[in-house]
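Q: Okay, here's what each chain looks like letter by letter:
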Amino acid sequence: MDFRFTPEQESFRKEVRDFLESEMAKGIFKPRCDAWIIGHSPEFSRKIGEKGWIGMTWPKEYGGQGRSYLDRLVLTEELLRYGAPVAAHWFSDRQIGPSIITYGTEEQKKEFLPKIINGEIYFGLGMSEPEAGSDLAALNTRAVEDENGFVLNGQKVWTSGAHSFNYIYLVVRTDPDVPKHKGISEMIVDLNSPGISVNPLVDMTGGRHFNEVFFDNVRVPKTAIIGKRNEGWKQIVAQLDYERSGMERVMANYPLFEAILKYAKETKYKGQPLSKHPLIRQRLAQLTVEFEVGRLLIYKVAWVLSQKRIPNYEASLAKTFCTEFQQRLARTAMEILGPYSQLKPESERAALDGMAVHSFLITPGYTLQAGTSEVLRNILAMRGLGLPAA
Amino acid sequence: MDFGFTEEQEMLKKMARDFLTSRCPKKLVREMEKDEKGYAPEIWKEMAELGWMGLAFPEKYGGGDGTFLDLAVLLDEMGRACLPGPFFPTVVLAGMAILEAGSETQKKELLPQIAQGKLIATLATTEDSPLYDASDISTSASEESGNFVINGTKLFVQDAQTADLIIVSARTKKGSENKEGISLFLVKKGTAGVTTTPLMTIAADKQAEVVFNKVVVPKENLLGELHNGWPVLGKVLQYAAAAKSVEMLGGVQQVLEMTVSYAKERVQFGKPIGTLQAIQHYCADMAIDIDGCRLIIYQAAWALNENMPCAKEVALAKAWVSDAYQRCLISAHQIHGAIGFTEDHDLPLYYRRAKAAELAFGDADVHRETVACEIGL
Ligand SMILES: Cc1cc2nc3c(=O)[nH]c(=O)nc-3n(C[C@H](O)[C@H](O)[C@H](O)COP(=O)(O)OP(=O)(O)OC[C@H]3O[C@@H](n4cnc5c(N)ncnc54)[C@H](O)[C@@H]3O)c2cc1C
Numbered sequence: 001m002d003f004r005f006t007p008e009q010e011s012f013r014k015e016v017r018d019f020l021e022s023e024m025a026k027g028i029f030k031p032r033c034d035a036w037i038i039g040h041s042p043e044f045s046r047k048i049g050e051k052g053w054i055g056m057t058w059p060k061e062y063g064g065q066g067r068s069y070l071d072r073l074v075l076t077e078e079l080l081r082y083g084a085p086v087a088a089h090w091f092s093d094r095q096i097g098p099s100i101i102t103y104g105t106e107e108q109k110k111e112f113l114p115k116i117i118n119g120e121i122y123f124g125l126g127m128s129e130p131e132a133g134s135d136l137a138a139l140n141t142r143a144v145e146d147e148n149g150f151v152l153n154g155q156k157v158w159t160s161g162a163h164s165f166n167y168i169y170l171v172v173r174t175d176p177d178v179p180k181h182k183g184i185s186e187m188i189v190d191l192n193s194p195g196i197s198v199n200p201l202v203d204m205t206g207g208r209h210f211n212e213v214f215f216d217n218v219r220v221p222k223t224a225i226i227g228k229r230n231e232g233w234k235q236i237v238a239q240l241d242y243e244r245s246g247m248e249r250v251m252a253n254y255p256l257f258e259a260i261l262k263y264a265k266e267t268k269y270k271g272q273p274l275s276k277h278p279l280i281r282q283r284l285a286q287l288t289v290e291f292e293v294g295r296l297l298i299y300k301v302a303w304v305l306s307q308k309r310i311p312n313y314e315a316s317l318a319k320t321f322c323t324e325f326q327q328r329l330a331r332t333a334m335e336i337l338g339p340y341s342q343l344k345p346e347s348e349r350a351a352l353d354g355m356a357v358h359s360f361l362i363t364p365g366y367t368l369q370a371g372t373s374e375v376l377r378n379i380l381a382m383r384g385l386g387l388p389a390a
Numbered sequence: 001m002d003f004g005f006t007e008e009q010e011m012l013k014k015m016a017r018d019f020l021t022s023r024c025p026k027k028l029v030r031e032m033e034k035d036e037k038g039y040a041p042e043i044w045k046e047m048a049e050l051g052w053m054g055l056a057f058p059e060k061y062g063g064g065d066g067t068f069l070d071l072a073v074l075l076d077e078m079g080r081a082c083l084p085g086p087f088f089p090t091v092v093l094a095g096m097a098i099l100e101a102g103s104e105t106q107k108k109e110l111l112p113q114i115a116q117g118k119l120i121a122t123l124a125t126t127e128d129s130p131l132y133d134a135s136d137i138s139t140s141a142s143e144e145s146g147n148f149v150i151n152g153t154k155l156f157v158q159d160a161q162t163a164d165l166i167i168v169s170a171r172t173k174k175g176s177e178n179k180e181g182i183s184l185f186l187v188k189k190g191t192a193g194v195t196t197t198p199l200m201t202i203a204a205d206k207q208a209e210v211v212f213n214k215v216v217v218p219k220e221n222l223l224g225e226l227h228n229g230w231p232v233l234g235k236v237l238q239y240a241a242a243a244k245s246v247e248m249l250g251g252v253q254q255v256l257e258m259t260v261s262y263a264k265e266r267v268q269f270g271k272p273i274g275t276l277q278a279i280q281h282y283c284a285d286m287a288i289d290i291d292g293c294r295l296i297i298y299q300a301a302w303a304l305n306e307n308m309p310c311a312k313e314v315a316l317a318k319a320w321v322s323d324a325y326q327r328c329l330i331s332a333h334q335i336h337g338a339i340g341f342t343e344d345h346d347l348p349l350y351y352r353r354a355k356a357a358e359l360a361f362g363d364a365d366v367h368r369e370t371v372a373c374e375i376g377l
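Chains as they are written, first to last, in my numbering: chain A, 1 to 390; chain B, 1 to 377.
Everything hinted at is true.
One-sided and incomplete, this derived list gives chain B residues near chain A with beta-carbon spacing under 10 Å:
1. Ile279
2. Asp285
3. Ala287
4. Leu295
5. Ala301
6. Trp302
7. Lys312
8. Ala317
9. Ala324
List time: in silico DSSO-like cross-link candidates among lysine-lysine, alpha-carbon distance up to 27 Å:
10. B:Lys312 / A:Lys265
11. A:Lys262 / B:Lys312
12. B:Lys13 / A:Lys308
Sample of chain B residues lacking proximity to chain A, with all beta carbon distances greater than 12 Å (derived):
13. Val216
14. His227
15. Asn228
16. His333
17. Leu349
In short, the hints are calculated from the structure, not lab data.
C-beta: ideal position from N, C-alpha, C; glycine also.
Kindly produce the complete structure, drawing on both the sequences and the hints.
A: Here you go:
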């Protein structure tokens, strides 16, 4: 047992921090909550790619660094700590690359992986549909094969970043005549293909980050398929584990966490810093306990991956706990700020740059995206604890 | 980073599981609740033969040269089995105190006896405001003609009745406060002026009130430096909080396993209740709590073992497990229905012990306050 990172990993951490500090000093970015999903900056992603920090764990022959999941953990922890704008490459680095490596052909690997690493292509995730949310296998977007390839028709929804990305990783129905889990395939599609239209949706923060994506007789080549035709469901299960278990699940709002601790120390209440008030101490300490527990749960998933095992219930477990923690963080921060907490970021008197109110508005989505907490608890109960299916 | 046990630790775990399954059934646990001594001497002897008491002591003191993490593996299994008896106070409290602060003579005399199962020992430090910090201590020890005379009342002392040796904390500097002027003393069984009264606790776990009334001990019985006992005591209390957390982890893991297997067996409305989502989600929440416990607790045990400053790690662990265990038990009881509410069921054994463990060495509030200090609030 060893709860330490290696000296090499610690010096890598320092390298990442130094880089981020200097970018901040140059005014390239300002720390933000949720920058992994709303901080879209292809220029910044290209810099990260040049450093070898996209696809770190991928094989060297495709431009990766062949490093461990624990090294990547150090990187993502620091990127999130600093709230750096990494949204452009985040999904690709986290799950699309690994899927292509596991299921793609040699040509697909050679074509896509270097482009992801160089920051040329950015992937969105086209899974959910109006009638296929938690029941993803109910999806209806059809891919019909002809001699030239496939023709796509249907609609995706809640597609984060589709208005900024240039590629989409799609889950489609390739065989409607078999049980629903057995007729699904995965595909890579250029978002600029004729017949695709992207319609932004406004989320409850007032932000525009997710979209509807329509497919109207979109032609794609046969080589768009990743892995085996009609076996997409099996493939997606592993991908979801990658999706669920990253550091962002516990650290998306880390800048708020730091800010509220600082606020408690610097704000006077009845002549004393707020942080001397027993109730405030207990609440901030409780958040700290939960944060540290959540971080270890995510570390454990990375450790399981580094042992070449599949975190088949650990990822669901970690995501459930961590996203619920982030909701509690937002709530506690709002309560500590009192009436100021309701002020929108653009208000002059807004506390903490409006970070708390942003988190308050965005965190309800955390326990929905990438699998709802209920679905994840089902997985944990059945896959993790072996309870019988209904 | 490595969250796994070593091969030796896995073997130790298995051996402990096997031994405790056969030698410490719940029937024995229940008998020992009613027994005055609270432990079975023949099992105590077997445990000593297996090398458990001396596991974490150096070889030169008759120990097994193991680490605190090895000891944690054992405590995990003991918690799972609800092992009754004075292992914890003897090994974790007294053993660690002697190891940390004892003179060569004291170590050579006492540690081998503990390792051989011949000496039961405990620590008496808590008093009537049990916050587990130095300000609790008002018992005094004054120097009189080459001896120390101890006066005061200690509470919640584990296994005091059976202890051959009590380590007691006292103020040796008159008027000193907090961490200043505290010393530790070895008080042997039968010393005049020591009165022990059992406390009737819900876990029937042999805690006692110990009154020291003009108790005279020779100078050689000072453990560690005069007036400078707090650093040792503070460290021992950290070991204790981490070790108690590990014990709780073993208990709560067993509670989950019992509950999951009950949910698979119990049929209502024509199917096992484990197929019902409400039940599945209770179980899932227990699993989340427990995986968190495992990581945060072994992190503390590891940090102690590495001899790093780890006040925060220990406090994180005890704060989390204290709350998590209670949450898990409420769910476990809910899933078991009325059968789990009967005295003869195993679940109440865990329910009562979890509360005792939560209160020992600081509950969640106490440890959250430590976390608050450690993060600079
Ligand atoms: C911010 C955000 C970003 C997103 N980004 C993307 C993206 O980039 N790409 C993408 O494809 N999708 C994305 N999604 C969609 C997301 O994957 C879905 O919201 C999610 O799968 C749930 O589907 P739903 O919203 O249709 O809810 P529903 O599935 O209709 O669920 C409604 C409620 O019913 C419960 N429920 C459903 N089934 C069960 C069950 N079996 N057991 C118990 N309870 C159940 C759910 O837990 C939930 O509480 C995003 C969502 C959000 C909020």
